[in-house]
Amino acid sequence: MNVLKYQEDATVSKVSSRWLGEVSGLVSPPDVYVKVFDLMESPTATADDMGLVISQDPSLTARLLKIVNSPFYNFSSRIDTVSRAVAVVGLRELYSLVVAVSAVKSFSAIPNDVVNMDTFWRHSIYCGIISRLLAKRCNVLHTERLFIAGLLHDIGSLVIYNRVPDIAKRMLDTANGDEEMLFAIESEELGFSHADLGGELLKQWSLPESLQEAVAFHHQPGGAKGAKMEAAIVHIANVLANQSELGAFCEVKVPETEIDGAVWLATGLKKDTFDREDIIGEAGIQFVETASLFW
Numbered sequence: 001m002n003v004l005k006y007q008e009d010a011t012v013s014k015v016s017s018r019w020l021g022e023v024s025g026l027v028s029p030p031d032v033y034v035k036v037f038d039l040m041e042s043p044t045a046t047a048d049d050m051g052l053v054i055s056q057d058p059s060l061t062a063r064l065l066k067i068v069n070s071p072f073y074n075f076s077s078r079i080d081t082v083s084r085a086v087a088v089v090g091l092r093e094l095y096s097l098v099v100a101v102s103a104v105k106s107f108s109a110i111p112n113d114v115v116n117m118d119t120f121w122r123h124s125i126y127c128g129i130i131s132r133l134l135a136k137r138c139n140v141l142h143t144e145r146l147f148i149a150g151l152l153h154d155i156g157s158l159v160i161y162n163r164v165p166d167i168a169k170r171m172l173d174t175a176n177g178d179e180e181m182l183f184a185i186e187s188e189e190l191g192f193s194h195a196d197l198g199g200e201l202l203k204q205w206s207l208p209e210s211l212q213e214a215v216a217f218h219h220q221p222g223g224a225k226g227a228k229m230e231a232a233i234v235h236i237a238n239v240l241a242n243q244s245e246l247g248a249f250c251e252v253k254v255p256e257t258e259i260d261g262a263v264w265l266a267t268g269l270k271k272d273t274f275d276r277e278d279i280i281g282e283a284g285i286q287f288v289e290t291a292s293l294f295w
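Quick note on the UniProt record's numbering: the sequence shown kicks off at 1 and runs consecutively.
It is worth saying that the hints were derived from the structure and are not from the lab. Some hints here could point you the wrong way.
DSS-like mimics (lysine-lysine), calculated; alpha carbons at most 30 Å apart, straight line [claimed, not checked]:
| no. | residue 1 | residue 2 |
| --- | --- | --- |
| 1 | Lys169 | Lys271 |
| 2 | Lys136 | Lys66 |
| 3 | Lys270 | Lys228 |
| 4 | Lys225 | Lys203 |
| 5 | Lys225 | Lys270 |
| 6 | Lys270 | Lys136 |
| 7 | Lys228 | Lys105 |
| 8 | Lys228 | Lys271 |
| 9 | Lys66 | Lys169 |
| 10 | Lys169 | Lys270 |
| 11 | Lys203 | Lys105 |
With the hints as constraints, model all of the structure from the sequences given.
Right, dumping it as structure tokens:
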């Protein structure tokens, strides 16, 4: 396939929207997602209303209850109903969780010959876990938001793999495991990157703007307008995940990425006292249980 046909109008708004439209049937969350979104926008919606809608999807209900009763949230008492989950987690937070769970399920069902999908999801989950751990250290409220941003940070890559697999494979081979190089190659050859696509996809799913920006700017956090801290957190998490043994983007060992001082400044974390090995180790401890919840 000739990539030049895409470069004629290679802007995120035009090309990526077309690509996302073409794969929407493959990656759209279930019908219940639309109903949940409508409830979220309704000023009169209650936790019971949300519980009733989500309960129409037994598989989603079981997955959500498993998540909210896990150490991921670490609530002191067991939560047995979705309506109770809404009450303690929050309407918008549970909505984001619904979309994340549905997205992983939908994308995992797409055949993919371009990359090792086990490696892809391990990296995504590691990035999500580390994003959440960093958010706690930054005193961010609702740290599960950052887990979702980290989990979905490379979701745009799967759109590229689906739409132009041959070109995607060539770009991956050229980058040879270097994500920053891959980001640059995508931007040059396609006119946009997997980060751009991911941000557009989260926008299409009506996830919060802070998550859209965290995903769209995870390679260039300084470009974020209103979510510089979130984008910086996911950027650092991505770098640290790639330094871990199991959470790396690629099996090929690549040089350690230097994190810019402005990125540290955006988070409030101190580069000189930050213990990378400690947070990577903590993520490793949480990985197995977290992976069983989302993957």
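Status of the hints after comparison with the structure:
1. Lys169 to Lys271: Given pair Lys169, Lys271 is violated - Cα atoms ~35 Å apart, limit 30 Å.
2. Lys136 to Lys66: Given that 30 Å is the threshold and the Cα spacing comes to 22 Å, the pair holds.
3. Lys270 to Lys228: This hinted pair holds, its Cα atoms lying about 16 Å apart.
4. Lys225 to Lys203: This hinted pair holds, its Cα atoms lying about 15 Å apart.
5. Lys225 to Lys270: holds (22 Å)
6. Lys270 to Lys136: holds (14 Å)
7. Lys228 to Lys105: holds (29 Å)
8. Lys228 to Lys271: Holds, at roughly 17 Å.
9. Lys66 to Lys169: Violated, at roughly 36 Å.
10. Lys169 to Lys270: Distance of about 38 Å is beyond 30 Å: violated.
11. Lys203 to Lys105: holds (19 Å)
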